[in-house]
Amino acid sequence: MCCSHQLSEKDLQPITAQAGWQENIKGMRFFDPHVHMTARTTDDYQAMADAGVVAIIEPAFWLGQPRTGVDTFRDYYASLVGWERFRSSQFGIKHYCTIGLNSKEANNEKLAEQVMEILPLFIYKEGVVGIGEIGFDDQTALEEKYYRAQLELAKEANLPVQIHTPHRDKKKGTQRSMDIAIEHGLDPAMVIVDHNNEETVKEVLDRGFWAAFTIYPFTKMGNERMVEVVKQYGSKGIMINSAADWGISDPLAVPKTAALMKAHNISIQDIELVTYQNAITAFAQSGQIDVADFDAVKNIDQSLDYNGSRVLRGGQQPRIAKDSIFIR
Amino acid sequence: MGKEFVYDQGAFRSLLEDLLFTYASEQGKQWLDGKLGQYAAQFVKSQFNATFSAIPRFVGKQVITLSTQEAEKLDALVPGFSALPLSIDRLARTWWILQVPTNNEDQYITTIEPLFLAAEMNELVTLYRALPLLAFPSHWTHLTSEGIRSNIASVQDAVMLQNPYPASYLNENAWNQLVLKAIFTNKPVHQIIGLDERANASLALVLSDYAHERWAAGRTVDPMLWRLVGPFINEKNLPDITRVLQAENNVEREAAALACAAADYPPAKTLLQQSNLAQAVENGSLTWNTVASRLI
Numbered sequence: 002m003c004c005s006h007q008l009s010e011k012d013l014q015p016i017t018a019q020a021g022w023q024e025n026i027k028g029m030r031f032f033d034p035h036v037h038m039t040a041r042t043t044d045d046y047q048a049m050a051d052a053g054v055v056a057i058i059e060p061a062f063w064l065g066q067p068r069t070g071v072d073t074f075r076d077y078y079a080s081l082v083g084w085e086r087f088r089s090s091q092f093g094i095k096h097y098c099t100i101g102l103n104s105k106e107a108n109n110e111k112l113a114e115q116v117m118e119i120l121p122l123f124i125y126k127e128g129v130v131g132i133g134e135i136g137f138d139d140q141t142a143l144e145e146k147y148y149r150a151q152l153e154l155a156k157e158a159n160l161p162v163q164i165h166t167p168h169r170d171k172k173k174g175t176q177r178s179m180d181i182a183i184e185h186g187l188d189p190a191m192v193i194v195d196h197n198n199e200e201t202v203k204e205v206l207d208r209g210f211w212a213a214f215t216i217y218p219f220t221k222m223g224n225e226r227m228v229e230v231v232k233q234y235g236s237k238g239i240m241i242n243s244a245a246d247w248g249i250s251d252p253l254a255v256p257k258t259a260a261l262m263k264a265h266n267i268s269i270q271d272i273e274l275v276t277y278q279n280a281i282t283a284f285a286q287s288g289q290i291d292v293a294d295f296d297a298v299k300n301i302d303q304s305l306d307y308n309g310s311r312v313l314r315g316g317q318q319p320r321i322a323k324d325s326i327f328i329r
Numbered sequence: 137m138g139k140e141f142v143y144d145q146g147a148f149r150s151l152l153e154d155l156l157f158t159y160a161s162e163q164g165k166q167w168l169d170g171k172l173g174q175y176a177a178q179f180v181k182s183q184f185n186a187t188f189s190a191i192p193r194f195v196g197k198q199v200i201t202l203s204t205q206e207a208e209k210l211d212a213l214v215p216g217f218s219a220l221p222l223s224i225d226r227l228a229r230t231w232w233i234l235q236v237p238t239n240n241e242d243q244y245i246t247t248i249e250p251l252f253l254a255a256e257m258n259e260l261v262t263l264y265r266a267l268p269l270l271a272f273p274s275h276w277t278h279l280t281s282e283g284i285r286s287n288i289a290s291v292q293d294a295v296m297l298q299n300p301y302p303a304s305y306l307n308e309n310a311w312n313q314l315v316l317k318a319i320f321t322n323k324p325v326h327q328i329i330g331l332d333e334r335a336n337a338s339l340a341l342v343l344s345d346y347a348h349e350r351w352a353a354g355r356t357v358d359p360m361l362w363r364l365v366g367p368f369i370n371e372k373n374l375p376d377i378t379r380v381l382q383a384e385n386n387v388e389r390e391a392a393a394l395a396c397a398a399a400d401y402p403p404a405k406t407l408l409q410q411s412n413l414a415q416a417v418e419n420g421s422l423t424w425n426t427v428a429s430r431l432i
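Sequences listed follow chains A and B, in order.
So the first sequence is numbered by my numbering: it starts at 2 and just counts up by one.
So the second sequence is numbered by my numbering: it starts at 137 and just counts up by one.
Derived by calculation from the structure, the hints in this document are not laboratory data.
Here the structure is a predicted model, which is why all the values come from computation and not from measurement.
Treat each hint with caution, since some may be false.
[Claimed, not checked] Cross-link-like lysine-lysine pairs, in silico, BS3-like; alpha carbons within 25 Å at most: (1) Lys181(B) - Lys156(A); (2) Lys172(A) - Lys203(A); (3) Lys299(A) - Lys181(B); (4) Lys173(A) - Lys156(A); (5) Lys172(A) - Lys111(A); (6) Lys27(A) - Lys11(A); (7) Lys372(B) - Lys317(B); (8) Lys317(B) - Lys111(A); (9) Lys173(A) - Lys146(A).
[Unchecked claim] Partial selection, computed: residues in chain B whose CB lies under 10 Å from chain A: (10) Leu151; (11) Ala190; (12) Glu259.
We put the CB at the ideal spot given by N, CA and C, even for glycine.
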């Protein structure tokens with residue numbers, strides 16, 4: 002999802018890192034409510050854990066390659082509540098997910114119908130904290146049809162909704178997404194509108210929806226802009242995420258932005274709300290988030306130990322020396 | 137395919153009901169009761185599936201510590217059932233799948249099998265722990281092999297450890313895969329039910345190859361591996377046992393001594409007699425259980 006802008010010579014040069022940002026946020030905990038770990042490596046999990054990310058939400062999304070059958074959807078959803086959840090636990094990070102039919106693939110009507118049929122199998126599962134990410138991409142009639150159908154599903158299951166807002170014609174797409182949610186009788190406090198920018202944030206907050214910002218290079222928000230947004234709008238109703246996926250993105254976007262906010266003298270309370278607590282408050286309305294689990298997953302070795310035996314010792318991943326030439 | 141349960145299904149179900157009555161909240165019990173009522177009135181598969189998934193939302197997921205008496209009663213009916221951590225959702229889900237009628241084999245299988253395909257981690261653990269409780273037992277071998285292939289540690293444990301199903305129903309190849317994978321993933325192998333009964337020559341052969349690979353890589357070998365080689369010691373693998381009997385590590389030497397004691401091959405017996413562990417094996421102060429307790 003990157004690189005739609007014109008590249009200049011400057012973009013191709015190595016970027017000098019601002020060293021030491023991690024010192025700035027030592028001891029803080031972060032919650033990244035939108036990150037597609039399926040597309041990421043174990044190095045990312047380790048780096049996130051080191052930077053203080055304690056829990057994440059992985060929304061169901063488009064995999065880059067359109068799916069052609071309902072079974073691949075089912076396997077994907079099953080992996081979000083199965084394999085990926087386990088993989089995450091090995092790094093001491095609590096993994097939640099949202100389940101839904103993404104807007105792009107809603108345009109394949111025959112398949113979309115089949116996917117709608119299997120969604121109820123997954124939305125009641127443990128650790129499913131919402132319906133998402135759903136909404137508009139090209140803003141077609143079929144996208145609207147399945148967006149509406151999934152809003153009904155969320156209402157019935159009493160689950161929060163995580164809305165993806167379109168890249169193109171964003172402002173109108175965002176307004177329309179909110180209008181339709183209201184039309185279906187959803188409480189704005191149960192709806193997280195994602196991928197906001199300076200143009201959309203005011204209306205989203207004014208109407209009582211949660212405003213999520215994706216810190217993602219080139220196509221979404223940069224974190225210097227984010228600092229300005231928080232200076233202007235405060236921390237109420239605002240959360241940030243990385244939406245890191247298979248494109249050029251950054252799974253450390255949340256802790257990095259926290260560090261930058263701190264460097265710009267934004268208060269610790271505001272930083273905590275934007276990078277941790279607001280996302281928990283919003284998605285815990287699913288009844289599926291218990292912050293005690295953030296610590297439990299860190300102690301997977303001990304907590305799953307049973308009567309002193311090795312049974313169920315899930316096993317945190319051993320560390321490897323990344324800069325060593327030896328691989329053992 | 138036989139449909140009979142190989143255990144006293146009625147007794148087990150009522151025992152589960154007693155435990156749910158003891159450990160579930162009033163609210164949880166009412167919710168389950170309501171679901172059972174709906175289910176009895178009319179079977180709707182999507183309702184059955186949703187209830188199975190939603191159980192932790194309404195019944196909770198706290199870990200239960202059974203009394204010794206309760207654990208013994210469960211294990212008397214289905215060996216090993218109480219051995220892995222037990223939670224209220226696992227009890228309730230197990231009870232829920234035992235409600236499925238068994239008068240139509242096809243319907244039974246097409247109700248239970250999709251639960252595996254769409255399961256999250258804890259559901260998979262519950263389902264695999266329930267393998268010995270399912271009707272039409274010989275049907276579930278394929279799914280059992282899938283569980284052994286899993287890379288999720290808790291799922292592997294559920295299939296491999298303290299579970300009587302695999303030893304009773306897997307063919308030799310599938311069984312050998314289970315044992316190999318268990319050793320490969322550092323499981324407490326002595327907790328595999330049927331380990332000695334199903335030991336076989338081809339498994340012993342693969343395991344000594346595996347030990348050689350580990351040695352070549354400069355890695356350690358689980359001493360419990362030699363328990364499976366012992367009854368099949370021959371002139372080909374005797375040098376391996378000789379090597380382990382001279383290992384620096386006590387527990388490795390003990391494992392080699394016990395392996396020799398289990399051998400039919402006379403030179404292995406001689407080897408044991410020459411070692412200073414012969415007496416401990418003889419008088420029963422050294423057993424596989426003592427080796428296992430040292431490995432933990």
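Do the hints match the structure? See the list:
no., hint, verdict
1, Lys181(B) - Lys156(A), "22 Å, holds"
2, Lys172(A) - Lys203(A), "11 Å, holds"
3, Lys299(A) - Lys181(B), "37 Å, violated"
4, Lys173(A) - Lys156(A), "24 Å, holds"
5, Lys172(A) - Lys111(A), "30 Å, violated"
6, Lys27(A) - Lys11(A), "32 Å, violated"
7, Lys372(B) - Lys317(B), "24 Å, holds"
8, Lys317(B) - Lys111(A), "41 Å, violated"
9, Lys173(A) - Lys146(A), "17 Å, holds"
10, Leu151, "21 Å, violated"
11, Ala190, "4 Å, holds"
12, Glu259, "7 Å, holds"
When each numbered hint is compared with the structure, violations occur for hints 3, 5, 6, 8 and 10.
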